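Taken in sequence, the protein lines are chains V and D.
Taking full-length UniProt numbering, the leading residue of the first sequence gets 1, the next gets one more, and so forth.
Taking full-length UniProt numbering, the leading residue of the second sequence gets 1, the next gets one more, and so forth.
Honestly, the hints are just simulated from the structure, not real lab data.
Just so you know, these numbers come straight off a predicted model, no measurement behind them.
From the three backbone atoms N, C-alpha and C, an ideal C-beta is built for every residue, glycine too.
Among the hints, erroneous ones may be present.
Chain D regions said to be covered by chain V (calculated; three or more residues, Cβ under 8 angstroms) [unchecked claim]:
no.	segment
1	2-9
2	26-40
3	51-59
4	63-73
5	169-179
6	394-406
Capping the alpha-carbon separation at 25 angstroms, the derived lysine to any residue pairs in SDA-like fashion look like this [as the list claims (entries may be wrong)]:
no.	chain 1	residue 1	chain 2	residue 2
7	D	Lys170	V	Ala175
8	D	Lys331	V	Thr152
9	D	Lys7	V	Tyr70
10	D	Lys7	V	Tyr76
Short derived list, chain V residues pointing at chain D, Cβ under 10 angstroms [claimed, not checked]:
no.	residue
11	Thr8
12	Trp61
13	Met67
14	Lys68
15	Val86
16	Ile118
17	Thr123
18	Leu150
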Amino acid sequence: MTKQLPYTDTELAELIRNGDAEAFRLLFERFIRALVYFGVKLTGDQEESEDAASEALQKLWQKKEDMKGYPEMRAYLFSIVHNRSVNFLKRRSMIKTAHQAIQAEEESHSDSSITTRIIQAETMVAIYGAIDKLPQHHRDLLYKIYIEELSTSDLAKNLGTTPAHIRTAKARALASLREILSDETLLKSCIIFFFLFSAK
Amino acid sequence: MIEDQIKNILLKKVRRVNLSMDEQRQLDDWLSVSDDNKAILSQILDERQLAAELMILQNISTDTIWEKLRDDLQLQGAMVTSINNKPRMRRYWMYAAAAAVLLAIAIPVYRWQTGAEKSQLAQKDFSKKFDLPPASNKATLTLADGSVIVLSDSVHGVIGQQPGSTINVKGNGEVAYTPSGNNTAGNDFNTIRTPKGGQIHLVLPDETHVWLNAASSITYPTAFTGKERRVTITGEGYFEVASNKDKPFFVQTNKCVVQVLGTHFNVDTYEDDEDSRITLLEGKIRLKADVKNGSVGNMKDVDLSPGEQAVMANEGGNNTMNVIAHADIDKAMDWRNGLFNFDGVHLRALMRELSRWYDLDVDYEKDVPDIQFGGGMSRSVPLSEVLKGLEKMGVHFRIESERKLIVINQPAK
Chain V
1 MTKQLPYTDT ELAELIRNGD AEAFRLLFER FIRALVYFGV KLTGDQEESE
51 DAASEALQKL WQKKEDMKGY PEMRAYLFSI VHNRSVNFLK RRSMIKTAHQ
101 AIQAEEESHS DSSITTRIIQ AETMVAIYGA IDKLPQHHRD LLYKIYIEEL
151 STSDLAKNLG TTPAHIRTAK ARALASLREI LSDETLLKSC IIFFFLFSAK
Chain D
1 MIEDQIKNIL LKKVRRVNLS MDEQRQLDDW LSVSDDNKAI LSQILDERQL
51 AAELMILQNI STDTIWEKLR DDLQLQGAMV TSINNKPRMR RYWMYAAAAA
101 VLLAIAIPVY RWQTGAEKSQ LAQKDFSKKF DLPPASNKAT LTLADGSVIV
151 LSDSVHGVIG QQPGSTINVK GNGEVAYTPS GNNTAGNDFN TIRTPKGGQI
201 HLVLPDETHV WLNAASSITY PTAFTGKERR VTITGEGYFE VASNKDKPFF
251 VQTNKCVVQV LGTHFNVDTY EDDEDSRITL LEGKIRLKAD VKNGSVGNMK
301 DVDLSPGEQA VMANEGGNNT MNVIAHADID KAMDWRNGLF NFDGVHLRAL
351 MRELSRWYDL DVDYEKDVPD IQFGGGMSRS VPLSEVLKGL EKMGVHFRIE
401 SERKLIVINQ PAK
């Protein structure tokens, strides 16, 4: 679980420039959710945003030799998704009434707004990543409490235990969630996910 | 990079962690740039909004995207180490839910934090020079013959045979008595004591569960053979009494006797606290006057209904008892849920709780500062985290020795 990041950002970028497919896979894992989310916030269209994110990564791979370093790669990926999303809104506005589209486009044009959206996307992915790292039984418990909205006593009956056990288990699940979130390297944890998944 | 710093600050806000003055200034600057930035902060602080945003992330089919991308680019070789291909539908819901929950529970800590922003004092880094871990599963068990067994996380398995029962220690701080052998016994008593910084979960031979807080004790027979079940407690414990109408369950405290039929309740009767509190969660209990230690109320029995709390105190030599109809159940039960609850708690009481949990001695240089707190904190953090919070509230300390803390009235220069 506590496997260290195998590469620094700089090393990762260098490996990709040299055509290392595995490094590219790590880059994909690190950015795919943030890119799609970023697109969805602009266009409101999940499928379009998945295509946009995929296209951005594809273009990056094709131009990998031109990429100077990691910050450039990151900026490049988001800019491709941004441009494509704006074009998508323009195209769609020709067909539909474009009220919402134009508004969204105006909003999304300033640089600071783009930066804001990138921060938003990456922060969301970090929070998501923390939950993803919770042990299965913690996630299951929270699911039952907060999605199925089972009461503590019902849940205790279902699981054949006492309400106090449930309350304790819930508190533990939340405590470990906070602990995971407190990891300062969280923003870079996508790479760790890769190992978690591949280990199964 | 500034963006990374902002992201880290936002994550701290999600966790309701105190920001340093530097971080707070950075966040303020960032918020003042645009309404979009403000919108993001409120988005991650509102559990419903956050849950909705995280749902977007759940719905992204990364595996499918990757497979298509890999085929398009004709990537090979190392790429065969594919991540798991199982459908991940099962997991999808959880993420948003758990995040929503995280926020719900974190809110008390947030209240603490907002009150703290007035402090001009630079945050001290206690952790470098002085820190203590939170309480862990440890206790001593005194057997009927007077021999003492030390219980800790490293003790496992059947540790002894007592008249009428077998003692089994499980991994998670649980000590369980299971009836065995002859049931003729009845006058053999065991005692479990938690030290400061210890806690334990006891299962009695009748399947009654008792969670004992730090610096507490409970004495009980090794088999319940008589017409009633009777235990004695000091300190604080939470009881889930197994129902048995034929054998009423009695809890003797230093202030009163609690008669139980089968129920869940909390007994907080630390001798060094001003008052004792008995809080009922489920079922019904009867508080009986304790003749030995003087009267409770007017010597009448008092019945509690769920949600009620009896507060016993000694005012000017007279024992008093008041029943609070709609008690703050969370406040009484938060210790069981891994939280300190400091709502309306005065500094002296707060420091007492810390001293029990972290095995710490606390003294006061002059008067006890008259500070009342709100909010709460996790009980699983090291002491330094709690002290940082207190510093921000204007409570200052001097460290006297490894386990001794002096509350001072002026910040140290």
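Results of checking the hints against the structure:
no.	hint	verdict
1	2-9	holds (count 5)
2	26-40	holds (count 5)
3	51-59	holds (count 6)
4	63-73	holds (count 6)
5	169-179	violated (count 0)
6	394-406	violated (count 0)
7	Lys170/D <-> Ala175/V	22 angstroms, holds
8	Lys331/D <-> Thr152/V	18 angstroms, holds
9	Lys7/D <-> Tyr70/V	18 angstroms, holds
10	Lys7/D <-> Tyr76/V	19 angstroms, holds
11	Thr8	14 angstroms, violated
12	Trp61	6 angstroms, holds
13	Met67	15 angstroms, violated
14	Lys68	16 angstroms, violated
15	Val86	16 angstroms, violated
16	Ile118	7 angstroms, holds
17	Thr123	5 angstroms, holds
18	Leu150	12 angstroms, violated
Against the hints set out earlier in the document, violations occur for numbers 5, 6, 11, 13, 14, 15 and 18.
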